[in-house]
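Quick note, the sequences are listed as chains A and B, same order. Residues in the first sequence are numbered from 1 upward in steps of one, following this note's numbering. Residues in the second sequence are numbered from 1 upward in steps of one, following this note's numbering.
Just so you know, not all the hints are guaranteed correct.
As the list claims (entries may be wrong) - Label pairs and their in silico Cβ distance ranges:
| # | chain 1 | residue 1 | chain 2 | residue 2 | range |
| --- | --- | --- | --- | --- | --- |
| 1 | A | Ile133 | B | Asp47 | 40 to 48 Å |
| 2 | B | Pro166 | A | Arg154 | 14 to 22 Å |
| 3 | A | Leu40 | B | Arg344 | 21 to 29 Å |
| 4 | B | Ala126 | A | Arg154 | 51 to 59 Å |
| 5 | A | Pro25 | B | Trp164 | 54 to 62 Å |
| 6 | B | Asp47 | A | Leu115 | 34 to 42 Å |
| 7 | A | His69 | B | Gly104 | 52 to 60 Å |
| 8 | B | Pro250 | A | Ile133 | 20 to 28 Å |
By construction, these hints were calculated from the structure, which means they are not laboratory data. Yeah, the Cβ is synthetic: ideal placement off N, Cα and C, and Gly gets one too.
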Amino acid sequence: MQTRTTGSGTVSPRESCRSSWLAVPALVWMALFFLVPLGLVFAISFASRGTYGGIVWEFTTANYLDLLHPLYGKILGHSLWYATLTTACCFVLGFPLAYVIARSPARWQPALLLLVMLPFWTNFLVRTYAWMILLRHDGLINNALVSLGLVTDRLELLYTPTAVVIGLVYGYLPFMVLPLYVAVERLDPALVEAAWDLYASRWAVFSRVVVPLTMPGIVGGCVLVFIPSIGSFITPDLLGGARSMMIGNLIQHEYLVARDWPLGSAVSFVLMAVVMAAVALHYRQADRSAGPVDER
Amino acid sequence: MKRWLRSLVLNGVGLLVLAGGLSGCGQGMGGESGEKRPVLHYFTWSDYVGPEIIAEFERREQVKVVIDTFSSNEELLAKLQSGATGYDVAVPSDFMVAIMVRQGLLQELDAAAMPNASFLEPHLQALPFDPHRQYSVPYLWGTVGIGYDSAVITSAPDSWSILWDPRYRGRISMLNDQREVFGAVLRSMGQSMNSTDATVIESAKERLLQQKPLVKTYTSDHYDQLLASGEVVLAHGWGGQVARAMAERPTIRYVVPKEGATLWADCLVVLKSAPQKALAMRFINYLMEPEVAARTSERLRFASASRTARELVSPAIRDNPAVYPPPDQLGRLEWMQDVGKGIRLYDRAWTELKMQ
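Kindly generate the complete structure, drawing on both the sequences and the hints.
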């Protein structure tokens, strides 16, 4: 997505050299608090668990070999499915919203964007508890449906896979909307008008003009939603009733319950590899579908 | 007792308290004629102390007590193993006391410094994990059983098998705790809840798989609310928490099944690395003071290990079998023990249960 930023002024090599020290604090921060812990986790993933938990520094690949058990593949598949579904739902809901905000009068836009970000002012855990109150057997949603006569038997909403997806989509929708807004806002309306003038159908305007031109935002939004949803563990526990596990729950379980840090670390690394592979695949596909537009 | 969720919120508060305590202590040192108040660091479960009880000790001893919280025994151990020092008193549960003793984390106690710690309930005087009470003083204790709504389940259940009754499909909650859930099934099969026999654990898992369609949720946090709101009518859980549901919904009852269940005790210990060992023992003596222990018991709705405190607890709480297990139950209760590497058997079976 960086490669296609529309030329916003070029910077001379000398200037970029002079200002590069500005990145030093962030680089030091990342090295200390990201790379060092990551290296530690990697090292632990090859250690073994002591009898009472803890880490015994004996090199072993047993943790990774244990993960070959089909059970763990199943958890990974399950998590990938939830994350994909969440990403798809966020896109379907988020794209029209981003479009409307980007095309609304300029003086309204800050307020509308603020509304999108407003939920972040409250702790995620508290908001998840709020969803439990909404989805409960005698919760607000069921009460409303019954009193409107839409259903006779109360729906079982809480502690279902549906509740998990609702919670994830709710939690990560803003991550989809914001990059999409930026992309749509940059989209030149004249190009859409031109498509109409050339008798493109409604669908063709969307799929052959709007989507390719906003692809950087789509990819960015999808990645930002996909990554946190695949590793989530609070939502499946609270809204799913802990009736199944996502990979985040497995990692949490190994670290905090089983006191098996080596296995937990190995799971973390496998998850990281899968996420990186998925994201790389995503970018490649996005490049392919957006490619021809750039050449024209 | 896994309460990591609540603690996620409360730890934040705990950190603030810690920060406040440290800054407050700094002020004290700079202030009045350079007098320095000793600081005691107390590491305990979230939501496990009465603020006024701590304040009273601070007044009495002219000290400052700083509280930090953990949400599971595993978290407590992990923090101490990773080298956290500065804590004086901690509250591990039974099986964790055993591990901490073996890891050399605990200070031997001075019995003469804590006379109140000798008035214990008879069955808590010589515990398997610390028979001579060299390292630990039992503080609060109780059982794991079934909370149920007697308005729905009219004939009082006496067996774990009620949790397999298809009539209550979707109205059952189980603890989200592998050892407790397997413990219940193992006892119902006539086995020890500390079994490390792979075939026994495998057949326990089969029983749990049969039960899963009936289970609404696995939770260790808010089953008291689920019971109180009527969302579930059967809840596998700790007695004290079921007792809290009773306060809101009087038809809630508690039973310890005839096949047996978990007996637990959270114990006061002094850490080997404690900077204030003498003060720590005075603090334990204070917490075990009958009147203080009785107030703690009433507030938290867990049984105090002090026999003299029991006399002072209000009858409504003392006679509640969910809080104070009746003596005739003791014979069928079992201590949870650490199963060492056997934990991987439970882990695997638990994960398989969740993924079916």
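Take the C-beta atom of Pro166/B and the C-beta atom of Arg154/A, compute their distance, and say whether it sits inside 14 to 22 Å.
holds, 20 Å
Is 20 to 28 Å respected by the C-beta to C-beta distance linking Pro250/B and Ile133/A?
Holds, since Pro250/B and Ile133/A (Cβ atoms, about 23 Å apart) stay within the stated range.
Does the Cβ distance between Ala126/B and Arg154/A fall inside 51 to 59 Å?
52 Å Cβ-Cβ, so the 51 to 59 Å window holds.
Could you tell me whether the CB distance from Ile133/A to Asp47/B stays inside 40 to 48 Å?
violated, 21 Å
Could you see if the CB distance from Asp47/B to Leu115/A stays within 34 to 42 Å?
holds, 35 Å
Honestly, do His69/A and Gly104/B meet the 52 to 60 Å range at C-beta?
violated, 35 Å
Taking 21 to 29 Å as the stated bounds, is the beta-carbon spacing between Leu40/A and Arg344/B within them?
Check passed, 23 Å falls within 21 to 29 Å.
Consistency of beta-carbon spacing, Trp164/B to Pro25/A, with hint 54 to 62 Å
holds, 60 Å
The earlier numbered hints that this structure contradicts are 1, 7.
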